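> Read left to right, the sequence shown gives residues 21 to 195 (the numbering used here).
Mixed in with the good hints there might be a few duds.
[What the hints assert, rightly or not] Under the rule of at most 30 angstroms between Cα atoms (straight-line distance), these lysine-lysine pairs were calculated in the DSSO-like manner: (1) LYS22 with LYS39; (2) LYS39 with LYS171; (3) LYS39 with LYS180; (4) LYS192 with LYS180; (5) LYS70 with LYS39; (6) LYS171 with LYS22; (7) LYS70 with LYS171; (8) LYS171 with LYS73.
[As the list claims (entries may be wrong)] Computed beta-carbon distance windows for the label pairs: (9) GLN74 with ARG170: 16 to 24 angstroms; (10) ASP95 with ILE142: 19 to 27 angstroms; (11) LEU86 with GLN116: 14 to 22 angstroms; (12) ASN51 with LEU115: 16 to 24 angstroms; (13) SER107 with TRP178: 16 to 24 angstroms; (14) ALA163 with MET62: 36 to 44 angstroms; (15) GLY76 with LEU168: 22 to 30 angstroms; (16) ASP95 with ILE162: 29 to 37 angstroms; (17) LEU168 with GLN74: 34 to 42 angstroms; (18) ILE194 with LEU115: 34 to 42 angstroms.
Read the hints as simulated data drawn from the structure, not as lab findings. None of these values were measured; they are calculated from a predicted model. Ideal Cβ placement from N, Cα and C applies to all residues, glycine included.
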Amino acid sequence: MKIGIFCSANDDIDAEYFKKTEELGRWAAENGHTIVFGGCNMGLMECVAKAAKQAGGTTIGVVPTLVEERGRISDWLDVHIPCADLSDRKQLLMLQSDVFVALPGGIGTLDEVFTVMASATIGYHSKRVILYNINGFWNSLIAMLNDLERKGVVRGQWQKHLTVAATLEEIKNIC
Numbered sequence: 021m022k023i024g025i026f027c028s029a030n031d032d033i034d035a036e037y038f039k040k041t042e043e044l045g046r047w048a049a050e051n052g053h054t055i056v057f058g059g060c061n062m063g064l065m066e067c068v069a070k071a072a073k074q075a076g077g078t079t080i081g082v083v084p085t086l087v088e089e090r091g092r093i094s095d096w097l098d099v100h101i102p103c104a105d106l107s108d109r110k111q112l113l114m115l116q117s118d119v120f121v122a123l124p125g126g127i128g129t130l131d132e133v134f135t136v137m138a139s140a141t142i143g144y145h146s147k148r149v150i151l152y153n154i155n156g157f158w159n160s161l162i163a164m165l166n167d168l169e170r171k172g173v174v175r176g177q178w179q180k181h182l183t184v185a186a187t188l189e190e191i192k193n194i195c
């Protein structure tokens with residue numbers, strides 16, 4: 021399986037996020053899964069790629085031009101897919117991945133999660149996004165989605181396209 025990873029490219033975040041990300045990358049590699057990610061050499065992106073590679077796994081990096089120009093490409097890539105911008109990156113990540121795991125992240129991660137979900141609600145694909153809710157990181161987003169659903173502005177139930185997992189064991193069961 022190709023597991024698309026959405027996550028932070030920041031280094032100055034909770035150490036627990038790095039620990040859980042490393043566990044995920046190692047598990048994916050040890051079970052023959054490929055990691056597909058943004059190809060950056062910072063934060064949780066670099067962490068998941070390094071963990072997967074060190075455990076004998078394969079990684080695919082979808083790298084925007086600006087990331088390349090700034091010298092921020094991960095050293096842990098097996099396959100480097102260059103792209104023009106973030107819109108191209110999201111499209112290529114969706115094409116390359118069978119399922120997605122959203123680790124802690126910011127605006128870019130939210131953009132990726134919602135792009136995949138919106139595409140699924142329209143019927144472009146049936147790929148699932150898993151929110152890895154490490155230490156309740158995604159609780160406020162979950163509350164917001166529940167509120168949107170209660171207000172009737174979410175078509176169907178958001179849980180049809182987005183699953184919440186608090187542990188790696190839950191992610192394993194979903195995958």
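> So, for every hint listed, does it hold in this structure?
Verification of the hints:
For the hint linking LYS22 to LYS39, the alpha-carbon distance of about 21 angstroms falls within 30 angstroms, and the restraint holds. The hinted pair formed by LYS39 and LYS171 fails the criterion: a straight-line CA distance of about 37 angstroms is larger than 30 angstroms. Taking the CA atoms of LYS39 and LYS180, the gap is about 29 angstroms. The hint holds against a cut of 30 angstroms. Between LYS192 and LYS180 the CA atoms are separated by roughly 18 angstroms; this keeps the pair inside 30 angstroms, and the hint holds.
At roughly 12 angstroms between alpha-carbon atoms, LYS70 and LYS39 fall within 30 angstroms of each other, so this suggested pair holds. About 35 angstroms separates the Cα atoms of LYS171 and LYS22, which puts this hinted pair outside 30 angstroms; it is violated. Restraint check for LYS70 and LYS171: the C-alpha separation of about 42 angstroms exceeds 30 angstroms, so the hint is violated. Distance check on the hinted pair: LYS171 and LYS73 sit about 44 angstroms apart at the alpha-carbon level, beyond 30 angstroms; violated.
Against the hinted window of 16 to 24 angstroms, the Cβ-Cβ separation of GLN74 and ARG170 comes to about 44 angstroms, which falls outside the hint. Distance hint for ASP95 and ILE142: a CB-CB separation of about 37 angstroms, inconsistent with the stated range 19 to 27 angstroms. A hinted range of 14 to 22 angstroms for the beta carbons of LEU86 and GLN116 is consistent with their spacing of about 20 angstroms. Between ASN51 and LEU115 the beta carbons are some 22 angstroms apart, a value that agrees with the proposed interval 16 to 24 angstroms.
The hinted range of 16 to 24 angstroms is satisfied by SER107 and TRP178, whose Cβ atoms lie roughly 23 angstroms apart. The hinted range of 36 to 44 angstroms is not satisfied by ALA163 and MET62, whose Cβ atoms lie roughly 29 angstroms apart. Taking 22 to 30 angstroms as the suggested C-beta distance range, the pair GLY76 and LEU168 does not conform, at roughly 42 angstroms. Between ASP95 and ILE162 the Cβ separation comes to about 35 angstroms, which falls inside the hinted range of 29 to 37 angstroms.
Checking the proposed 34 to 42 angstroms range against LEU168 and GLN74 shows it holds: the Cβ atoms sit about 40 angstroms from each other. For the hinted restraint 34 to 42 angstroms between ILE194 and LEU115, the CB-CB distance of approximately 21 angstroms leaves it violated.
Consistency with the previously given hints fails for numbers 2, 6, 7, 8, 9, 10, 14, 15, 18, ordered from lowest to highest.
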